[in-house]
Amino acid sequence: MSAGDTAWVLGSAGLVLFMTPGLALFYGGMVRAQHVLAIIMQCFICMGIVSVAWVVVGFSLAFGHDAGGGLIGNLGLVGLRHLSQGVPGMHLDIPPLAFVAFQMMFAIITPALIAGGTADRLRFPGFFVFIVIWLLVVYCPIAHWSFSPSGWLAHGGSLDFAGGTVVEINSGFSALAAVIVVGRRKGWPHDAMAPHSLPLTLLGAGILWFGWFGFNAGSALAANSVAAQALVNTQLAAATGLLGWLIAERLKGGRATTLGAASGAVAGMVAITPAAGYVGSMPALAIGFAAGVICLLAVQLKLRLSYDDSLDVFAIHGMGGVIGMLLLGVFATRSIDPAGANGLASGGGWALLGHEALSVVSCAAYAFCATWVVAKVVNRLVGLRVSDADEIEGLDTTQHSERAYSGLGSAQLGSK
Amino acid sequence: MSAGDTAWVLGSAGLVLFMTPGLALFYGGMVRAQHVLAIIMQCFICMGIVSVAWVVVGFSLAFGHDAGGGLIGNLGLVGLRHLSQGVPGMHLDIPPLAFVAFQMMFAIITPALIAGGTADRLRFPGFFVFIVIWLLVVYCPIAHWSFSPSGWLAHGGSLDFAGGTVVEINSGFSALAAVIVVGRRKGWPHDAMAPHSLPLTLLGAGILWFGWFGFNAGSALAANSVAAQALVNTQLAAATGLLGWLIAERLKGGRATTLGAASGAVAGMVAITPAAGYVGSMPALAIGFAAGVICLLAVQLKLRLSYDDSLDVFAIHGMGGVIGMLLLGVFATRSIDPAGANGLASGGGWALLGHEALSVVSCAAYAFCATWVVAKVVNRLVGLRVSDADEIEGLDTTQHSERAYSGLGSAQLGSK
Amino acid sequence: MSAGDTAWVLGSAGLVLFMTPGLALFYGGMVRAQHVLAIIMQCFICMGIVSVAWVVVGFSLAFGHDAGGGLIGNLGLVGLRHLSQGVPGMHLDIPPLAFVAFQMMFAIITPALIAGGTADRLRFPGFFVFIVIWLLVVYCPIAHWSFSPSGWLAHGGSLDFAGGTVVEINSGFSALAAVIVVGRRKGWPHDAMAPHSLPLTLLGAGILWFGWFGFNAGSALAANSVAAQALVNTQLAAATGLLGWLIAERLKGGRATTLGAASGAVAGMVAITPAAGYVGSMPALAIGFAAGVICLLAVQLKLRLSYDDSLDVFAIHGMGGVIGMLLLGVFATRSIDPAGANGLASGGGWALLGHEALSVVSCAAYAFCATWVVAKVVNRLVGLRVSDADEIEGLDTTQHSERAYSGLGSAQLGSK
Amino acid sequence: MKLVTAIIKPFRFDDVKEALRQAGAVGLTVSEVQGFGRQRGHTEVYRGAEYTVDLVPKLRIEVLVADENADALVGAVIGAGHTGKIGDGKVWVTHLEEVIRIRTGERGVEAL
Amino acid sequence: MKLVTAIIKPFRFDDVKEALRQAGAVGLTVSEVQGFGRQRGHTEVYRGAEYTVDLVPKLRIEVLVADENADALVGAVIGAGHTGKIGDGKVWVTHLEEVIRIRTGERGVEAL
Amino acid sequence: MKLVTAIIKPFRFDDVKEALRQAGAVGLTVSEVQGFGRQRGHTEVYRGAEYTVDLVPKLRIEVLVADENADALVGAVIGAGHTGKIGDGKVWVTHLEEVIRIRTGERGVEAL
Ligand SMILES: Nc1ncnc2c1ncn2[C@@H]1O[C@H](COP(=O)(O)OP(=O)(O)O)[C@@H](O)[C@H]1O
Ligand SMILES: Nc1ncnc2c1ncn2[C@@H]1O[C@H](COP(=O)(O)OP(=O)(O)O)[C@@H](O)[C@H]1O
Ligand SMILES: Nc1ncnc2c1ncn2[C@@H]1O[C@H](COP(=O)(O)OP(=O)(O)O)[C@@H](O)[C@H]1O
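Protein chains in written order, with the numbering used here: chain A, 1 to 416; chain B, 417 to 832; chain C, 833 to 1248; chain D, 1249 to 1360; chain E, 1361 to 1472; chain F, 1473 to 1584.
Rough simulated footprint, nothing fancy, chain C against chain A, three-plus residues with beta-carbon under 8 Å:
| # | stretch |
| --- | --- |
| 1 | 4–13 |
| 2 | 191–198 |
| 3 | 213–227 |
| 4 | 238–245 |
| 5 | 251–259 |
Partner residues are not named here, just some residues of chain B that face chain E (Cβ under 10 Å, in silico):
| # | residue |
| --- | --- |
| 6 | A608 |
| 7 | T814 |
| 8 | H816 |
Simulated from the structure, these hints should not be mistaken for lab results.
Just so it is clear, CB atoms sit at the ideal spot from N, CA and C, and this is done for glycine as well.
Work out the full structure: start from the sequences and follow the hints.
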């Protein structure tokens, strides 16, 4: 057991956990002031319920011994039993619990990401139930496929360094399905729905950027040169994602915006996620840039196709994840991580690209379909959507009996 | 000396320091807009004066060679002299200065916590003097008792992994005493005093959560499996604390609130603090949940007993600390940390629970009584309470000549 | 290669990156609400463009083999080629890429610091071009001089632990030059220009404080006792900087302010930056205190000399850096870092002080003059200053087509 | 000259503004206010402390108008601001002695 | 119909609102304003730059009322808003030509 | 008694306030409002969605004044608020039936 590696993975687990409050602010700043607490709450509740579900059963489903076909783990590790024998199939020089913690943080932020799609119209009880079922039915299987050595995708040769499928494609396509089930916000797309506090969003973006070092470089599960490369790549892809988005804004005739800078950086980091420890620095620049430009274009899709993905989870995480997975098939090279593979541009031929494409298609399809079913069922049984009156008044007062900001006419002027 | 352990403890020291600005925002969001800078300032001044007092004399009082009876350290380490010979009684494989730094951050946040109790009515000079005396007279002795190997509680067999007594019970009961000395806010409990910015509070909660990993897992003083367990336990107790509080809110007939989520998570982390490296994951779930529910109920006490603990420091830190210490006596097991002990549920009998109860009672009593005396004296000599007119106008302009937010009628409209 | 050291440096790189969003908020809170996004954007764009420029050519200019005279590195490491052979002249037990990443974050925050001087009046395209040229023409040479073993200052015997010249003096004197070139804000100094959100500024200060541990202690490039000392010194200098500023405010007849606390802490950390790993804890207290007091006085200079350094970059970073460099010449001692030197007070005579003074003068002069030329050229070719009408309306809507806060009359009330 | 002042529900603003334009208003001034009336407010709860907030966010619109157009504007506000649910607000008309455009010094109808 | 407008100290609002209700007001509209007058403001200092802020936060209350009730409401505001210290504010009465309830189109006293 | 109400550009406030004082105003009340009129607003873009914001930030000033001073105050506002560019705003005068100082109960000119 290496103290250095353990320090790195524990620190990274902390960083990834910190991303979820960061996401809460990133999202919170983008919505209107009467809905901000609701979206923050949807992120925080994931920090609550997912943590519990993860140690009780989720970890076992994702990383337990394969239950058959590489599709899902068995229940052998339920309640974290038998963990002292290590994580099946993995050779870690860190305490198994450190790995459990690190992966727990991924399981937390993924459903929280989905909340951005359906922002400003969900009933809190419905969201709560949805998340629990979604975790077990959608997240755990996909995590098993891509992250567990016995998962059918990982075992088959697909690479995903830090969650391009498990976190990004998964959240993006799941958000799309959820958005279709719950329908558009009242007034969309005609009413203006400007972000109520961009400084909050930029703060959130800063936290996400910081935390993403743990997310990607921590996924090396060691403090070594792969981790260093992953960290550098994360930074570079964020940088070129940011630049790509701003340049595209200028080319489209507008000004460079701060929301664009934040969005582009996130898009770049999304795209580098599956590739972070498998590609060199120069390809990382390209991957980030491609994501910055393409995700900006993908945002416009929703107007064409008339689905109301409030905070563009599909465009940024779904499409960004696809871009990253495919470009990983192009740029991967064993010279960075010998445990990786060579992609198209590194003389590895089309094999890896094929594996990556298979991963993309299967994870996207499963996430979309399974989430559609889960959302439909929860909507029927519990109800996912607030009433029109509550939507107009705002989710904060109607779902949580709170107001985000108390100035005039605030509770200060109320009586007890 | 282990680089891995050193990296972990230095990083943890940073995380714990970061908790104090986090606390400033957590508290700042909960007060009204005319008082927000004052509470932030009270946190920042602890980062200033406590750091200095700590290296000059505080560290020696807490961790120096015992001056007699396990009650307090002697002055041998004043000014950090003789530190190269190590910290008396401790066998560290990290630089002694790393330990000094790590413990310094605990000494900073504890008095800052107290400020939540007396929020919105303290004179700044009075608070400043109070903090300095309090640190030396209340904090350093209790830190010696529980944290120093020669302290009478630690030596006697009490366990406190990361400060259930030193930080939590201490701040909670000290706040209670301070609140009684300075009296209620004007208008309390009749006037509405709603939080002026819950997003700020939730941000603060996110920072606290992140930092608490350093607080608890850093207290292992090594990057090993105890640290990993402590980190997992912190996460789980935060999660169930959050869930427990929200469930209790629902059972009481209300809605789940975001302030409740933040409060419950903090309560859970408070309670797991003394137990983090001594109990397993499943007990951690229970400890957090118990704290979430009980601390919510404890908040109501102030209305019954008519003391105005503005931000519920007693209910959350005092009671949370008590819960954690006692449940540690139940759930502790040597299987996690061989240097620990077995509690009631692990076949260790009543011994540990007795030790923990003794710690609770002695620390609570000392903190309450000593703080009461210190506050009384400072109030007499320097004055702790602002005038009624200043309290109505707000502490920010009257104590600090500043306004938190400048919009209309702001200085923008003033003249130079 | 040491996993512990690698973990520490990677973590530190993350911390230093996090300082730039922290700075964005620190600055953003201090400006008026119609300009806040512009200053945040100027920080974020550095995270974008500097990262790219750094790996493409900047790193090679700063840390490549000396191109002659210790003035600048050659192009041997362009695009991070040949990096596997290590960083010229340095003996690292971490992956070279970790060093590249760590230093990249310094290159990002330094130009971002300059933006505070010229706040509230720059055209975004002009700033963008300015930053790119400035990085290559001003930053990289100075980094080579002081940080590269072959740089003429470092080689000559000057010490600069973490960037007293490269980051602090450089940004301070560059800001002064830029401010002189672009001129004063409309209405300055007659109009009141109060900070629009001090909680944002205090949050930023908290992030900077946290990140500075990575900045200074990470500069040890190892998790050892030098790093521990650097971390303790950072904390102590921040603390006494804070106290020094507040005491000076009181002595001048005013109240202690929260902006003063934040400013003093930053001033203290600026001053300890070059000295962090070379001096003991007690000198660190003195260095921070001196910076807190002197930087407060230096702020008043701009009114005397009529230059409009909006957010006091010169007073705090320029002067703070000078103070730190000179006091390093006094207090440095080999007993902390054997690779360091003994200063005046440690029996080393005047030699080191002479070296430090030479560093100060040469870096300050070069930064000021070169930046003046660069700013003049960019101003002529691209235009650095917005029109009066845009300045009155605000940079956020005119440069970025965004508004920071949408309340009434906000886009919410606009139409699509 | 008259001043038409209206208190409306915020989410009706776009429609009311459009209706006023079509009824001939060339400008208006609007501010955020809080209203108390028949419409119920809501309850807020912070750590168990319940606050009944009986103030409801509204917008206050002022339109300067020539005497003969006042009725049309009042009609426009009623038409577009109407939802039929409690809390739609009020509109009232005041007589003004003088209206001047600051830019030109024009008075009366010229000032609009 | 009359409009009673009052500028008061914010912390008196709860009492003033209660007094108005007891004097027969069924509704009111309130907004945040800043006042300048005899009451001194305060000084703010940011990095040594001193700003004298002579504007003081106030609340502005508007109550529509039947002619015969105006005096009672004015009395209520004075009674409840009074602290006796400088800065208590002003109350004034304007004549209205028309008041309409948007929800129903009712006019005059019916509209209240 | 009269009430002079002015809508002005925010950055003219200091000058207008000073001019009003010199013209004899002892107090005033000001609030933040948004204006719609001839002055063009601006465009905002969020992730490609363009919003045309046609509301412009303005300040609304109210000054209570004795009948004979109203003209002087109107002149002061025009003089100091004038920039000559579109959007300088309006000023208007209303007749008041009564003005009372809350602190003392003084009425009319005494109340100012
Ligand atoms: N007497 C009044 N004076 C001033 N404003 C009033 C008065 N009554 C109502 N309002 C305003 O009109 C709004 C709507 O009034 P309310 O009584 O709730 O509904 P409605 O007008 O549909 O009967 C209130 O929120 C308040 O702003
Ligand atoms: N001439 C005026 N016109 C409009 N508002 C005024 C006028 N004079 C005072 N006010 C308002 O009344 C408030 C209180 O006035 P002030 O002169 O400070 O105290 P007082 O009314 O007790 O003498 C001011 O803050 C301002 O809002
Ligand atoms: N008819 C109106 N009623 C009320 N306010 C108006 C009216 N017309 C203009 N305003 C106010 O005056 C401001 C300036 O008006 P605008 O037409 O832009 O310029 P100008 O007065 O210079 O012609 C507007 O922003 C609005 O606040």
